[in-house]
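Here is what each chain is made of, one letter per residue.
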Amino acid sequence: MKLGGDHFGAAGRRLLPEGRIAGPMPWVIAIMMFLTVLAAALGLGLSSAAARLDANVGQRITVQLIEANPDARERQARAAEAVLRGFPGIVEVRRIADADLAEMLEPWLGAGGLEGDLPLPAMIDADLTPEAHRRIPAIRTALSRVAPSARVDDNAQWLAPLARLVAALKWLSAALVLLMVGATAATVVLAARAALDTHRSTIEVLHLMGATDLQVARLFQRRIALDALFGSLVGLVAAFGVLVLIGERVRALGSELLGAAELPISAWVILLLLPVAGVGLAMLVARWTILRALGRLL
Amino acid sequence: MNTAGTIVQFENVGLRYGTGAETLSDLSFSLRSGGFYFLTGPSGAGKTSLLKLLYLAQRPSRGLIRLFGEDIVTMPRKRLPGFRRRIGVVFQDFRLVPHLSAFDNIALPLRVAGVEERDLTTPVSEMLAWVGLADRSSARPATLSGGEQQRVAIARAVIARPELLVADEPTGNVDPEMALRLLHLFDALNKLGTTVVVATHDLHLLARIQRAEMLRLDRGQLADPTGALRNPPRRADA
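Sequence order for the protein chains is A and B.
Read in order, the letters of the first sequence correspond to residues 1 to 298 in the numbering used here.
Read in order, the letters of the second sequence correspond to residues 1 to 238 in the numbering used here.
These are computed hints drawn from the structure, not numbers from a lab.
Any given hint could turn out to be false.
Said to hold, decoys possible - In silico SDA-like links for lysine to any residue, alpha-carbon gap of 20 Å or less:
| no. | chain 1 | residue 1 | chain 2 | residue 2 |
| --- | --- | --- | --- | --- |
| 1 | B | K78 | A | V152 |
| 2 | B | K78 | A | L294 |
| 3 | B | K78 | A | L291 |
Sequences and hints are given; from them, build the entire structure.
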């Protein structure tokens, strides 16, 4: 007779009675996975938003030229634009068109609010390299020489509280994911112990016939992995449904800030891998629990 | 002491469960490789406990046990499965796996040993036929009679051709004809080299195997108070 190695073959799977998806474990894991995916999506979305905001706005300054005389304002604006373009580390300089300014102010002033002689400041956005961003005082000095009415706003200053909030929320979501991982592991430990108690007589017989701890552990590991896979997939599908729904609502709002939290492809891939990680975690925890319990037998 | 040809050796073995009195005391004997032994004694004498020591379900509280030439008292736990695979056990309560068919129950020791599925069918079917259960191959234990369950348990114990066969009251639930048949199976295995230890109350069985030696337990100690036992085993210190 040929020996197939230190494991039970396909027929060996029948050594534990069939009938999975019977206990509460798959459903508990489904709930855990649902919450884990949502928490992870929150963290990944916030990371993406933080990165986009930092890239789009964080390294940007806005120069306002507050001059009532339109000719002087225009002259200073051209001079300021020229200074900015010549400054080392300036990536891009954009003059904001008067029409765009008017559009921005329309919600406050109404459609006819700008038809009079209301003077508007000239505005210039400049994207900086991180090195140039550290030299904003020098930019201010250079601008003040050619445009005394120029006021330089560092976008990072008003973005900082938002960035801190986003960072705090990222850590919160990471903590939630870790808590879910812990809770899932605890669920698997309890399920593995319950399974051991249920099948104690079968395990004893297998042991007395010379089954190794690893052989017995593999039987339970496989069962628990199947339960975990089922629960994980249910949780993932439910969570994806919620994420798609929220995404549609956010897009309908048309908010640039909320839109920045859109999940990139890499984040979806990470979320898709969560059930795989969940099944792997369940298998490892089950194996550890069962080997520990079997180690107490002779 | 010459231990050549000795498969089991007990020296001053005692067994105590918890903090109670010793269930087995000062057991010293050896069993020859290829021998046939009956273990007798009244209920509660410690026969099942002695068998548990033999099939490695229990370690003694004191003393030395050598099995297949190795000290199994201090043996690391991870080495025990290899030794257990060399021992066939017929449990008094059968211990069949309830959700497995007769075929799968009998195939268990082979699957534990990693025998490939294509090599299982012939020996298991032959064994089923031998114990008269060829037509009950797919029956689960709950649908088998006590006698049929016992035959499945015996078939399971001998399927892997163990070097040591330990049977606890193996004929308790079968009719005299089947009991004799099973005893002949043990006898045949013994002639092939398997050492057989059968615990039994059945005095008729004792007379069936002429070459069998006997161990009599009384209140946890080996005893031969009348001196009338046939072929009492040599004491280990003899």
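How the hints compare with the structure:
Distance hint between B/K78 and A/V152 is unfulfilled; the C-alpha atoms sit about 75 Å from each other, more than 20 Å. This hinted pair checks out: B/K78 and A/L294 have alpha carbons roughly 11 Å apart, not beyond 20 Å. Note on B/K78 and A/L291: the hinted pairing holds, with a Cα-Cα distance of about 12 Å set against a maximum of 20 Å.
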